[in-house]
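Colleague: Residue numbers (this note's numbering), protein chains in the order written: chain A, 367 to 436; chain B, 840 to 1410.
Don't take each hint at face value.
[To be verified] Quick list of the computed label-pair ranges, beta carbon to beta carbon: (1) F425(A) <-> N1078(B): 53 to 61 Å; (2) K432(A) <-> G943(B): 48 to 56 Å; (3) A1393(B) <-> F426(A): 19 to 27 Å; (4) G863(B) <-> F425(A): 19 to 27 Å; (5) E405(A) <-> E1160(B): 16 to 24 Å; (6) S1119(B) <-> K436(A): 23 to 31 Å; (7) I406(A) <-> V1386(B): 22 to 30 Å.
I should point out that these hints are in silico values taken from the structure, not numbers from a laboratory. Cβ atoms here follow ideal geometry from the backbone N, Cα and C, with glycine treated the same way.
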Amino acid sequence: MGIDIRFPIGLMFTIFGLVLTIFGLVTNSNAEMYKRSLEININLWTGLVTLIFGGLMLFFALRARKNRKK
Amino acid sequence: MENVFDLGWIDYSIMLIYFAFVLGIGWALKRFMKSSTDFLEAGRSIPAWITGLAFIATNLGALEVIGMAASGAKYGIATIHFYLIGAIPAMIFLAIFMMPFYYGSKARSVPEYLKLRFDEKTRGFNAVSFAIMTIFASGISMYALAMLMEIMLGWNFHFSLIISALIVLIYIYMGGLTSAIYNEVLQFFLIVLGFLPLVIIALIDIGGWEGLKTSLAEVSVNNGFESGAYTQSWRHMNNPNSNPMGVDWIAVAMGLGFVLSFGYWCTNFLVVQRAMAADSMSSARRTPLIGALPKMFIPFLVILPGMIAIALTSNLESGFELPVKGGSYDYDKVIPMMLGYYFPTGVLGLGLTALMASFMSGMAGNVTAFNTVWTYDIYQSYISKGKSDKHYLRVAQLTTIFGVLISIFAAYVARMFNNIMDFLQLVFAFINAPLFATFVLGMFWKRATGHGAFFGLLSGTTAAAIHHGLTAPVGATVLVKGGWLGTIIHEYPSEMAQNFWTAIYAFTACFLMTVILSILTKKLKPDGELKGLVYSLTPRQKEEGVVWYERPAALAVIVGIIAIILSILFW
């Protein structure tokens, strides 16, 4: 009904992904901060996965929108 | 206790972005709310993959996430029974056998089905007890979330309670059930993506599944069990004293796997409502099966953190320790403590937002189910009949406000009188336990009558109360734990065992009483009226010309096989 839910879901996770990825890159040298996460840059990794998920959702939403227009 | 978390601007931004999106979805749906059907039944127009994810997301509330992680810490991998034997068979049964009657009968709610199949009093009893129960359920989860936020983040209790309730109120007020369902899908993905990094990093830390097994073997032996008691779900179930849950396999299979599980998944309007909002009969039947696929993997998100938390606590070098409350570990703190232990700022915001999302998906389920039952089964049936649909749409919208307000009130009751809440939950357990007997007889035995159903339910509830009053878990001191009839004729090794057996007795009493009274009373509804409501009088569903993976039966087989494989892996 009404809206294609994949669009807002895709948009939100793309934003989350971008925010976390950039934050992860900026803080990459901060060893103190990542000590608790076993010296893994968990912001960067989570950001990338979230970004891929958000991107996929957006891709499917936009493809469906294009098909409807045809 | 000082705050466990130090939140940065980035964590707050993630939370705020999430709030903006849930409210935005409600706002975008506002203009589609033209009739009470749109608002309360989502216009019966939602595709199966969405209703399927909403079906399990609404069950994945904050109490479930916190409680199952706590059980993982307390009982180990045996908690997986709640996700496999305690959910999957019932979800398959709902999809294959019961959904045709719920969806096909055009009933708008579970109580309304009871009215069509039996009579007014059976519907009234179910509608009123369900309405009160959902309000208190959302009150209790609101209270739990606000408490966590207060202890962990130092947020003001009233502030987080009002804000979280208000957001749910606004997005449901604007977009009704559709808004709740759409948001549940978003919340579901957020819960997965927020907790997955926690599980992965915690598993790396503990040395994978093998490392966890080694650590928990020590915990097992220290607690007086065999070394695999925390990491093998069935092998130690021959005797209730040889596993931390204190139950045997009969109680698990019959109490949890049959009575409690079928009672919850097949008759609770909270979840059934999601399937009833689907766009076709086929989608409605696929809803529980699509939901079952992720359901089987949720244990890895919620139970593993609990198990790892207890392993870390037993290892003094880890520096991680669950707080102690009243002589035992405060298991409810597992999820927040683990988030704080492993997550730096950034992903910490994502994890906490995921916890919020789980709270909202659970609460929204309660609110939308309450709306429908109140508007159709109570207001339209007993208070004001025969008004225009516009009138009922308005009532439904106002009910959202009214329902959330009394949930907030219930949250404060929970805060002031903890015992009253325990008592209420107990009463609801008594009311719910026999329900599945009524449905199964109603759907598969055309001779079952209204009097039989109503008094069967009452005797089931009475049987539950009497059983609970005559038994007690070992070491219980307070009356809400049982034994309030004065004499204790049987002591159970754990509260869980007592609950499972209470359910078994309630079901049996209701089943027998309904059968006996139905034979003794006159059948008031002719066969023609029962068409579409009873199995033998309803034409079979035909699934011709549908690709195989869209057939409920094929999906059910796949779901069943995965559940069996997982059970064997963790046997």
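Colleague: Can you list which hints this structure breaks, lowest number first?
Modeller: 2, 7
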